[in-house]
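Enquirer: Take these sequences, add in the hints, and give me the full structure.
Residues per chain are reported as follows:
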Amino acid sequence: MRRWYRNLDISTLLIWIALCACGLVAIYSSTHGEAQEFLLTTVQNSFGRQRLWLIISTVALVTILSVPMRLLVRMVPWIYLATIGFLILALVIGREVGGARSWVYFGPIGFQSSELAKVGGLLMAAFVLASRRKEKSILPTAAIAAGALVLPALLIILQNDLGTALVFVGLIPVLALCGGVPLRIVGLLILFPIAGYLTILSWPVALGFTALVGIIAWYGTRNRIWVAAGVIASAMTIGVANFALQYVLQPHQVARIVSFSNPEADEYRANVGFHLVQSKAALGSGGWFGLGFRQGTQTQGRYIPEQSTDFVFSVIGEEWGFIGGILVLLLFAALMLRLLWLARAIDHPFGNLVVAGVAGIFLIHVCVNIGMVLGLLPVIGIPLPFLSYGGSALLTNTTLLGLALACYMRRAEFSLYV
Amino acid sequence: MLSVLSLQLFRLQVAERQDLSEIARGNALRDIRVLPARGLVYDRNGTLIVHNTPTYTISLAPRYFDRTRIPLLAKHLDVPDSVVALRLQEAQDYNPYRLYPSFSNVSFAQYSRILEDVYLLPGVGWEIKQRRRYPTDARASHALGYIGEINREELNAIDHESDSSLYRQGDFRGRTGIEEGYEPWLRGIPGVARRWVNVYGLEIMSYAQGQGDQPPRGNYDLHLTLDHRVQEFAESLFVNKRGAVVALDPNDGGIIALVSKPDYPLESLSQGIQREAWQALLNHHEDPLYNRATMNLMPPGSTWKPFMALLGLSEGLLEGADETIYCPGYHPFGQGRFFRCLEARGHQNVVEALKNSCNTFFFELARRMDLEVFKKYANRFGFGVESPTDLLEQTPGLIPDSAYFEQTGRYWGTGAIMNLGVGQGDMGVTPFQLARYVAALANGGTLYAPHMVSHLVEPETNERLELPDISDPIHLDIDTTHVNLVREGMRLVMEAGTARASQIPGIPSAGKTGTAQAPGNFTDHSVFIMFAPFDNPQIALAVQCENTGNGSLCAAPIASLLAEMYLKGEVPPSWQTDIRMGRALSATSESLTQVAE
Numbered sequence: 176m177r178r179w180y181r182n183l184d185i186s187t188l189l190i191w192i193a194l195c196a197c198g199l200v201a202i203y204s205s206t207h208g209e210a211q212e213f214l215l216t217t218v219q220n221s222f223g224r225q226r227l228w229l230i231i232s233t234v235a236l237v238t239i240l241s242v243p244m245r246l247l248v249r250m251v252p253w254i255y256l257a258t259i260g261f262l263i264l265a266l267v268i269g270r271e272v273g274g275a276r277s278w279v280y281f282g283p284i285g286f287q288s289s290e291l292a293k294v295g296g297l298l299m300a301a302f303v304l305a306s307r308r309k310e311k312s313i314l315p316t317a318a319i320a321a322g323a324l325v326l327p328a329l330l331i332i333l334q335n336d337l338g339t340a341l342v343f344v345g346l347i348p349v350l351a352l353c354g355g356v357p358l359r360i361v362g363l364l365i366l367f368p369i370a371g372y373l374t375i376l377s378w379p380v381a382l383g384f385t386a387l388v389g390i391i392a393w394y395g396t397r398n399r400i401w402v403a404a405g406v407i408a409s410a411m412t413i414g415v416a417n418f419a420l421q422y423v424l425q426p427h428q429v430a431r432i433v434s435f436s437n438p439e440a441d442e443y444r445a446n447v448g449f450h451l452v453q454s455k456a457a458l459g460s461g462g463w464f465g466l467g468f469r470q471g472t473q474t475q476g477r478y479i480p481e482q483s484t485d486f487v488f489s490v491i492g493e494e495w496g497f498i499g500g501i502l503v504l505l506l507f508a509a510l511m512l513r514l515l516w517l518a519r520a521i522d523h524p525f526g527n528l529v530v531a532g533v534a535g536i537f538l539i540h541v542c543v544n545i546g547m548v549l550g551l552l553p554v555i556g557i558p559l560p561f562l563s564y565g566g567s568a569l570l571t572n573t574t575l576l577g578l579a580l581a582c583y584m585r586r587a588e589f590s591l592y593v
Numbered sequence: 275m276l277s278v279l280s281l282q283l284f285r286l287q288v289a290e291r292q293d294l295s296e297i298a299r300g301n302a303l304r305d306i307r308v309l310p311a312r313g314l315v316y317d318r319n320g321t322l323i324v325h326n327t328p329t330y331t332i333s334l335a336p337r338y339f340d341r342t343r344i345p346l347l348a349k350h351l352d353v354p355d356s357v358v359a360l361r362l363q364e365a366q367d368y369n370p371y372r373l374y375p376s377f378s379n380v381s382f383a384q385y386s387r388i389l390e391d392v393y394l395l396p397g398v399g400w401e402i403k404q405r406r407r408y409p410t411d412a413r414a415s416h417a418l419g420y421i422g423e424i425n426r427e428e429l430n431a432i433d434h435e436s437d438s439s440l441y442r443q444g445d446f447r448g449r450t451g452i453e454e455g456y457e458p459w460l461r462g463i464p465g466v467a468r469r470w471v472n473v474y475g476l477e478i479m480s481y482a483q484g485q486g487d488q489p490p491r492g493n494y495d496l497h498l499t500l501d502h503r504v505q506e507f508a509e510s511l512f513v514n515k516r517g518a519v520v521a522l523d524p525n526d527g528g529i530i531a532l533v534s535k536p537d538y539p540l541e542s543l544s545q546g547i548q549r550e551a552w553q554a555l556l557n558h559h560e561d562p563l564y565n566r567a568t569m570n571l572m573p574p575g576s577t578w579k580p581f582m583a584l585l586g587l588s589e590g591l592l593e594g595a596d597e598t599i600y601c602p603g604y605h606p607f608g609q610g611r612f613f614r615c616l617e618a619r620g621h622q623n624v625v626e627a628l629k630n631s632c633n634t635f636f637f638e639l640a641r642r643m644d645l646e647v648f649k650k651y652a653n654r655f656g657f658g659v660e661s662p663t664d665l666l667e668q669t670p671g672l673i674p675d676s677a678y679f680e681q682t683g684r685y686w687g688t689g690a691i692m693n694l695g696v697g698q699g700d701m702g703v704t705p706f707q708l709a710r711y712v713a714a715l716a717n718g719g720t721l722y723a724p725h726m727v728s729h730l731v732e733p734e735t736n737e738r739l740e741l742p743d744i745s746d747p748i749h750l751d752i753d754t755t756h757v758n759l760v761r762e763g764m765r766l767v768m769e770a771g772t773a774r775a776s777q778i779p780g781i782p783s784a785g786k787t788g789t790a791q792a793p794g795n796f797t798d799h800s801v802f803i804m805f806a807p808f809d810n811p812q813i814a815l816a817v818q819c820e821n822t823g824n825g826s827l828c829a830a831p832i833a834s835l836l837a838e839m840y841l842k843g844e845v846p847p848s849w850q851t852d853i854r855m856g857r858a859l860s861a862t863s864e865s866l867t868q869v870a871e
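Heads up: the sequence lines are chains A and B, in that order.
Counting in our numbering, the first sequence runs from 176 upward without gaps.
Counting in our numbering, the second sequence runs from 275 upward without gaps.
Hints listed in this document are in silico derivations from the structure and should not be mistaken for laboratory results.
Please note: incorrect hints may appear among the correct ones.
[Unchecked claim] Which stretches of chain A does chain B cover? Using the computed rule of at least three CB atoms under 8 Å from a CB of chain B, they are:
1) 454-467
2) 471-479
3) 500-513
For each residue, glycine too, the CB sits at the ideal point set by N, CA and C.
Expert: Next up, the structure:
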């Protein structure tokens, strides 16, 4: 008999190791460079703690891989309940770090409840979608699944961590698509963020986008109602976004949202644009091949705030150059493609949804984080999976990866209880 | 989506590389000025008399400073929180983004404590500067001068296009003495070190392994003609006295000692003085900041007689070296009431008159002279005019001519002019001028430019720079036989005349006592000029002691002791030494306040 791990996907694991290694190198460089003595002791210890968390994460990975699939599925509602309970606990007794009240401490070790909640949220949504009877309509089920994601998102917004909450919302269209919700509805869902983003950039472009939506909707559905829905949704988004930017939001909030397109402007560069100006400067100073390990002038000089956490990609960009940055992007692309390939190999909706959802979470993080570092998106504080310093995030992402690997490895176990 | 990210990555890192890395360099690359160590100062024997030790300065960049750390910084600096807050405000007013030297001269302990906690103190920088130290006992306050922090007006006056790195806020520059006079050589030209700095403005690494760094250059060590042993001995002899000493090498004009008392410790001014202490110096009734050696004007008294003798011999006021003038104890002009001599000496020639310091003889010479010739002749000897020198402050002094008397409306009949013959009345000379004049008598008639510095040496390359820009010696064109007569008279002054108690054991010398009348009811000033050894003069001195009485009582023993110290390297114990030391130390300048009461 072959061993229990005979179906373990080694290539995914290798990519995971490579990404974690890149992260450790970047964190080491930004905390053990020539300027080490100028850092806070807590920052200086980042590397050591991240290494420790990596060991904890590996233990979690092995644990998840060893749990029988049937047991896992049965535990999902309990995990979800625990997740919600943990989020509420954080609101009650949590500690505030960086403005977000999402940290719960067990002795010296702190857990970021909003990070860990991703596991429970994804599992619950996949569980709801997968347990639908074939004859029932998809939409009510999808609505319940979406609700399973929106609930933790709301709690996390209460914790004042908008960025992480957005990940939950972003997961809805991904799961919807995989769960069998018609493409046109999913399309309608992703219409809102795109239209809103374009509105921030330039509202004429957003209007053009609205026209494009109409054309695509017509060719996609040949149905006037869908065309109207698409155009109206897009136009409404533009209107609401403009209205909010001009009348509802405070000037400093508006500045935070719109400054990314022009962070060098005089009114932004010293405050809300500071991150991006420095981040871009760091990337530019890296050039093709980078300045070398521990040689990044902006990195060692700590010009980029949050450089070992949210802006870790700029460290890689400066010290390892375009080559290093592309390598990381390629690793993520490989990870995503591999996960999709794994998802296709599973014959069970729960497995499909979990693996696709994991890929979706990673994709959202990668796009939002690197988009932010590169100045394509507003500064939203979410980490780069496996690279950013942060124990809870590393544990969460490794757990998610473990779940995807478990679903693939134990794909034969699903058929027993369909 | 990932390809969009890749494209943007390409755009930032490859396409827009130039612009962005320019921003990055602007952020993090800073040219840091490297000051050369201020030049050291050696005396004529190569003894180090001025050097530098490090001092520690803590700077603040308010924009990066975390105000919640004020108590921590205040604790480390042992000052109240409010002081830190105040300094922050000052720095803020200067430039919120740049480090401003807020706390100078912090102790090494304070500096170390701050360095240990520097990671808790963003926006705090430090600088190690040099402070002047004076290892010998010679103060030489007025000769060496002090350094002080450059002020805003001076900074604004510097042409910032060309010299922006030369001086900055918080820099020191020479304020007086040779520190000021040789400022460009002592200071040198600052170099540049290119450094990567972090977001708080602290240096973290060098740029391109130090390529493109410019080391500081152009700083020189000074080698003085000063002899620190003579200098410190002279200062020690001036207890309870006001006055000045200038000692010259008669063969080149090098200043062997330059004393002005009272003085002040340079050490206390070398690192920024407390306001109260400075005010006390400034307002002191004896004015310690005043350089008496080059500024103090008083009549020369009888030390003027050698000059008058030369004038008489050269200008034909005497019929020859042998002409005698009869002294009945007074000059007949004024019925013997106003122009008195110490005693009736009968017929005297010029040598005897010098030896005995006979007033009658020189009253008569003055009566015969023309005032304009007198003035011209005095100017030739360096009186009434400024001397070429590397000392910065001096007064030309006063030698009257007819225009002077007319303008001031003073009486200038025969009596006033006769008074000039014995170095009294409306004239003023400085110790500095007297020293230059006696040096010319010593060397047979050459006026040198007195100077402090013999040469400069670049410490790295040992490049030697001769003394810059001092004028050539002036030959007085006087008959050698005339000079020798005067020298003979001065030799007799030491051997058997008014200064016979101040001989140097074993070394023949020449000198002349003087007693300058002080205005008002004050005690006379004691004046003395001297050179030694007689046959091969190595040192020429002028000493003025204010309000201490007769020239032979205070100034003469001091001059003699200093000459002996210079020539022998020590003052061996002897009965002559006891007499001179006793006189020198017991003489006391009459207190100005006491008499005023």
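Enquirer: Does each hint fit the structure? Answer for all of them.
Expert: Taking the hints in turn, this is what the structure says about them:
1. Evaluation of the coverage hint for the region 454-467 of chain A: fulfilled, as 9 residues show C-beta separations to chain B shorter than 8 Å, against a requirement of three.
2. Against chain B, the region 471-479 of chain A contributes 6 residues with a C-beta closer than 8 Å to a partner C-beta. That satisfies the three-residue criterion, and the hint holds.
3. Note: the region 500-513 of chain A has 6 residues with beta-carbon separation from chain B under 8 Å; the three-residue rule is met and the coverage holds.
Comparing the model with each numbered hint stated earlier shows that all of them hold.
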